[in-house]
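Starting from two chains that each stand alone, build the complex the way the hints lay out.
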Amino acid sequence: MRSRQLIAVTAALAAGALTLTACGSRNDSGGSAGGDSGNTTVVIGVDAPLTGDLSALGLGIKNSADLAAKQANEKKYVKGVTFKIEALDDQAQASSGQQNATKLTADKNVLGVVGPLNSSVSEAMQKVFDDAKLTQISPANTSPSLTQGPKWAEGQKARTYKSYFRTATTDAIQGPYAAQYLFNKAGKKKVFIIDDKKTYGAGLAGTFKGEFTKLGGQVVGEGHIDPESKDFSAIVTQVKSSGADVVYYGGEYPAAGPLSKQIKASGTNIPLVGGDGMKDKKYVELAGPQAQGDLCTSVGAPVESLPSAKEFIDNYKKAGYKDDYSAYGGYSYDSAWAVIEAVKKVVDANNGKLPSDARAKVLEAVQGVNFDGVTGKVSFDEFGDATNKQLTVYKVDGDDFKTVESGTLAG
Amino acid sequence: MHELPQQLVNGLLLGSMYGLVAIGYTMVYGIVQLINFAHGEIFMTGGFGALTVWLMLPGGTTMWIALPLMLIGAVIVATLIAVGAERFAYRPLRSAPRLAPLITAIGLSIVLQQVVWAWFPDAKSSVKFPELPGGPFHIGSITIQTGDVFLLIAAPISMAFLGFFVKKTRTGRGMQATAQDPDTAKLMGINTDRIITIAFALGAAFAAIGAVAYGLKYGEVNYRMGFILGLKAFTAAVLGGIGNIYGAMIGGLVLGLAETLTTAYIADVPGMQQLGGQSWGNTWAFVLLILVLLFRPQGLMGERVADRA
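Quick note, the sequences are listed as chains P and B, same order. Heads up, the final residue of the first sequence is numbered 411 in UniProt numbering, and it's a clean run with no missing numbers. Heads up, the final residue of the second sequence is numbered 309 in UniProt numbering, and it's a clean run with no missing numbers.
It is worth saying that the hints were derived from the structure and are not from the lab. Some clues are possibly wrong.
[Unchecked claim] To give an idea of the chain B side of the interface with chain P (calculated C-beta under 10 Å), a few residues:
#1 3
#2 89
#3 91
#4 94
#5 95
#6 125
#7 131
#8 135
#9 148
#10 150
#11 262
#12 263
#13 276
#14 277
#15 279
#16 282
For every residue, glycine included, the Cβ atom is placed at its ideal position computed from N, Cα and C.
If we strip away everything but chain B, and leave its shape as in the complex, we get (with noise of 0.2 Å):
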């Protein structure tokens, strides 16, 4: 067990991607009760933006330089892809069942894969992704990636942004009054199709900047890294309370710590030896999501009508 506090960094970090990642599901899911399954998709779309704009710039570049610009590609490009697919994909379906957007949203999840499969230069098997210089970093015996520092930094300011933006701005208030009651909201001067067009590209913004904190964590980014990776944060957002954006965090943190746990230490568990790996640490965070729903059916945070946004 020495090397725990070395394993619960290993776990937050990865906690704090799936994230990044859930508050898009969540957001958009608080908002206009849509399960966006494209949002794995637009998270990798923001992943090959971000590289789209390494390749365009002149080599030799610092990272110093690049990153922000990355960080603005990747930004730009998922959040229009979020915006379009609104438009034209999901707000056709608004007032049609359920399940006609969300299968809809699986539509479109393999589309944009096979677009990107098929058009960007090199992205048949996972491509190359700029590394930060430097480190890494040790803290006493935790050791921590030059790559996981963008995480570190950004999954908090990213929190405290959302955070302030819901809370504060009339926007977010709107968003507020939009999850409520969508027809008062309306009545009350409140553009609710505007809201949820922001509810969109704000969710694409965070898994755009999730997807710069995996090319940089990995070093590589594939057309298929939104599929596995989309469904955790899917379940971190469950698990934390689908359509509260501090569950979505809350959630992804736990996930991500269940699964890292799990993954070092089951197997030291005298007789189960045959269920500790990688491969079963998933099946461990799925137990964890049942347990969690069968004595919280609401997730960890509870899905508080009156602060859903």
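Chain P with its partners taken away, still in its complex shape (with noise of 0.2 Å):
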């Protein structure tokens, strides 16, 4: 009886251990901001994931953070105020969000917050920075419900939190745009979509699902996958029997990259195509030799190709920094230039000093902001979206995703 017993305390103890994995935090308060340019500290928070499988995006959108925050200060770009970057690391965990974000909002100096990567994350988020009206922009989440309220497919938009704004396109724009692109351009007229349950990847798949069927295109079979796991082969050998001209996937890198691998393996030889967050060096090492031609969208026009970004690329090579700036580098740096950009427009209204009320100001300021960033002009609409809603094709090239085309969304 003794072992019996000890399985079942030990089955007990298996779930806690999850649980303790699942919450485990490291905070990694990386970002030192140069230059001395007043008396006045103003931090910038970042929250993304610093670690784990999506850490090569939330480095990029780290560093891209504190370069702004280093050239504010060089160049004095609001006078008696040096900006300060204090990273959280949220490993992808709503749970771990949230605590971040408490953190964040208890520290008087935090006066905006670039971040989270994952929508999943910003729905933990949102109301904690309200509540603190705490101004947060994220340059990634693309889940429509967030500033435009659950209801906005039955188009009945509504803002929930004024705090919120994001310089990322939203998926009710994406997943169209990659539908259109595939049955019109591409000439895919079967397609097998998966996604991985996540509030980015459902969405996204919802809203391409939708729109590929109105053009007139056949969904011959839909699956979901555990991106935790790495063997997808149930589903694969469904996608292979469907007959399926195209594969789309709503989710990130880390699974995309062996599903895609997985599907050529079995002698299925189509395209995987998908989102921003399938966007990464990383997946065309994951996905393998045959992924060539696989294609993904992502939101606004490639960095590399704006004449406004190539000041972004080339001071982000010569700061440094050890990771690359990624799929939301350009973002993040408008995103934490907005904030930069509000609070020298209080500071300026109130004879160069911070007021006692600097969070609600630079709130009510970051709403007005108008600038050219580095992805084009950076203005945010009633519901906190960006008004730039350019949209991209890439498609895998060699070591690389390779720009296709640069559109907006067509009807």
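Here it is as structure tokens:
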């Protein structure tokens, strides 16, 4: 009997261990913005996955925001104010994100937050920031409900949190844009849709499916995968026998890479197509040589092609960050810069000093910012969404994604 | 249902991997009644051991030369860590209450994950694992990917070797004796400390083979790969009857098949579309575990006291 009791206790402990590792957080307050242009310090919080599978994207966000702060200090952009970055790691977990949000709101010097990467993390942070009237600007969240409320799909758009903004375009545009490209330009008529059941992935797959069927395309199969597991053989077999000529995946590169690889290895040579969460060099590495021709869409025009981005890329290289600026670098820089711009406005209006209700004033100012950023014009509409609605299709070519075409959603 | 043969192969492959890792849980449990929760991480370090060997080999080395060396590297790393863990973490606690070594195991598992995370270059996210050239192979409607061939060969050979070792060798019989009654075995002149060390080492070696198979199959290794897989393998060991080495393999296969088939077909059952897909596959696998334990609390292969090793 003893051993049976032991197994029961062990099983309970195993469940405990599951939760433990899920909550464990590691703080990495990196980012030391140099320069000394004044005596007031304004902290810009950054929340992103700095460790774990998605760290390639997260570190790009952190470094780019850090670069914005450094540049503002160097140029003495806001007189009497030094910007500092406080970067926290959310490990792509909503629970860690919420803890970080609470921590950031507790620090009086934090006047704006850049991040997070994941829409699901944002859902857990929004209220915390809103209660503290602390501006949050995400460079990467694409789930429409974050700005337009839970009933956006039925056309009842309502902004839930006044403190939330984003420089990224939403899935409401990205999914349909991918559908139009595949159906009209690439001539794909039969799609197999897979998602990872997360806010971002399921949202993207949903909006894609709506547009693809509207255009007259056929959905020959649908499935969900668990991104934590790397064995997708069951669904890969279904894809193979479905006769699909393209697979659309709503999710991120750590699972998308192996998924593409396993689909190709099963002898099904059809492209995998996804959203901006797939656009990373690591995808090409994980998917292997057979991934050539896989596609993804991403928000905005390709950073490399914009004249305004040249300077950003040069400065990023000069600053010597170890990691790539990745998919959201430009958007993170612009998000941080929107906070800096707002602080400048507030300070200028208050005789060169920060007012006592700085957070509320900055929040007000962010709603009205309008400047030429890395990714084009940066300003926010009445929901807090970026007014820049440019999208781009990328294709795997060699060891990275190359631009195919850029445009805005038709119709 | 026309894809059934392929789904069965998918399930068997996944199950073989669970089985290879489950052997480590079951052997250690059979002899010292400890559930070594760090075993999943020992599996993971095996994967990184193989990767280290690969990174040290000169570029352009063919996989036919590299693979045996990687396998040796994986087994050495995993075995050393497992034996070290036994010597320094578990042996001092051998006469402590059962829960103490269990908590130690969980702690060790977290430590190993973090050590790899912190010190292995580029291990902060998934690291690419080398691939076997050629393939895939087609047999009728079944496709076998090149990376799976290794698993297909390694799993049965490992099992046969283990069966032979436990049944026929002196050390193997010593293991059976220690499992039955450690005190009497000691009186009969069996060095039980040595037997326990060998049990840890053997379990780790099989996990290392499983880790190489994992790398070849999925093309990547990462510092968290042992966590979920370890839990699944533990489940497989309980399902098959913990303490029984054949049970571990059978339990692994049953679990792998259950996961794959429910993922593939539950959604086709009328009214159950919502419960299909891979995220529910895990749930169904545990439903099966509960059902089996309800009717056969000792697991599929039973916990035959005289034969556990």
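Violations among the numbered hints: Violated: hints 2, 3, 4, 5 and 10.
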